[in-house]
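**Q** Turn these sequences into a full structure, and let the hints steer you where they fit.
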Amino acid sequence: MDLARLIERMPVMRATTTPDFYYGTAGSASWQAGGSNRLGFFNTQGASGTAITPDSLPVNTWQLGTHVITGTPGTDVCDEPHVTNVRYLTTTTMSVNGGGSETINDTNLADNESSFRWHFNDGSARTIQNVNIYVFNNTTPATRATGMDVAMYIKGNSMSAWQKVNDDTTTGPTGYTAGSVGGNASGNITGSGLDRGSAATDQYWYAAASISVETAGAKSAFGFGASLEYV
Amino acid sequence: VVTILVPGVKKDGWSVDLSDSRTFTQDDAAGHLSAWNRLKQICEKERVYIVRAFLTVGKISIEIPGGKQGYWQAQSTFVSMDDPVEDPDRHWRGFGFVDKNGMVQIRWLAYPQARQGSGFTNIYNVLDQQGVVVAVARDEVRLASTQNNIIWSYQRPVPKIDDR
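Going down the list, the protein sequences come from chains G and Y. Everything in the first sequence is counted per the numbering used here, starting at 1 for the first residue and increasing by one. Everything in the second sequence is counted per the numbering used here, starting at 1 for the first residue and increasing by one.
Because the hints were derived from the structure by calculation, they are not lab data. Bear in mind the structure is a predicted one, so any value in this text is a computation, not a measurement. Some hints here could point you the wrong way.
As the list claims (entries may be wrong) - Partial pick of chain Y residues on the chain G-facing surface, computed with a CB cut under 7 angstroms:
| no. | residue |
| --- | --- |
| 1 | 28 |
| 2 | 30 |
| 3 | 33 |
| 4 | 34 |
| 5 | 36 |
| 6 | 74 |
| 7 | 75 |
| 8 | 76 |
| 9 | 78 |
| 10 | 80 |
| 11 | 81 |
| 12 | 84 |
| 13 | 85 |
| 14 | 86 |
| 15 | 119 |
| 16 | 123 |
Where is the CB? At the ideal position from N, CA and C, for every residue including glycine.
**A** Right, here's the structure in full:
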């Protein structure tokens with residue numbers, strides 16, 4: 001076999017940017033690749049050790065439970081412990097797993113309390129720049145999610161408050177009634193704090209997300225998205 | 001960006017000729033620093049610079065003008081939780097140079113299927129000599145001082161003239 005043919009047969013290295021979730025089974029928690037699972041937002045967090053039955057969020061109410069689920073909604077696969085629920089209280093405060101109000105900042109929100117983390121991986125050690133984290137309709141990056149109000153906080157980006165990343169219509173909880181926010185160019189989170197100047201094969205961005213729905217029922221036109229440049 | 005289109009004869013990626021006549025290609029390898037970051041180290045350590053560059057995607061290569069103050073390279077992708085693996089319809093390769101106004105003139109190339117769903121509004125087709133769309137492209141300008149991935153050209157100091 002000549003060299004050219006050998007090169008053709010070598011697998012193509014492809015970078016991945018996947019969601020990881022921090023949860024466990026039988027009391028041992030760790031960051032686990034999302035794989036085919038999804039992140040779901042519900043009205044119940046449930047006790048550690050007991051999977052919840054996915055339930056609906058009341059309209060205009062921030063979620064009380066965050067779970068790794070198998071479908072829409074499928075079943076709850078994070079049980080001991082569940083993914084931490086980080087709930088929006090005000091623009092600068094949060095409730096972690098139903099606890100009292102805390103200022104949302106890099107100190108109070110531990111890495112392992114994040115709703116998820118974006119995980120870039122490539123075989124080569126890469127630096128990363130021009131990161132853009134957003135919510136969209138799960139089809140077209142520029143289009144906002146339908147019927148959703150979403151707040152996000154990304155660690156390490158000098159943020160001092162939740163950022164409104166999606167606000168579909170004028171229906172919503174306090175502060176989320178302007179509408180027309182969302183997608184990769186509206187409400188999106190950018191900043192030099194998201195750059196990764198030290199080359200590595202794995203790079204991470206820790207995110208808290210809080211959700212409110214504007215209408216009753218499951219939301220399928222909703223997804224977390226990210227774009228980035230790797231060098 | 002002034003470019004010369006030539007039939008793509010190389011693997012997808014960039015290749016550069018250096019001022020000491022060496023040629024480097026994008027040979028990213030598992031477990032090593034990325035090829036561009038390695039090249040950046042070499043240029044800074046050995047004080048050599050890029051004199052010619054090509055970017056190849058599929059059946060075409062573009063030549064980047066030589067003799068510039070610096071050169072810029074990156075790959076970009078976008079993902080969602082449901083679709084986290086980079087594939088040709090979301091993968092762009094960018095190469096640029098620093099112009100005399102301190103701006104980076106970047107040309108991005110991708111396979112034709114990247115046009116759909118990208119959200120970019122400034123995409124145009126790249127045709128081969130038979131008029132077939134072989135790639136799509138878009139151009140972008142950035143302030144060079146904000147970019148950390150530029151390989152700057154090392155200019156040898158002009159020898160002082162001893163006029164005594």
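**Q** Please name the hints from earlier in the document that this structure breaks, with their numbers sorted from lowest to highest.
**A** Failing hint: just 16.
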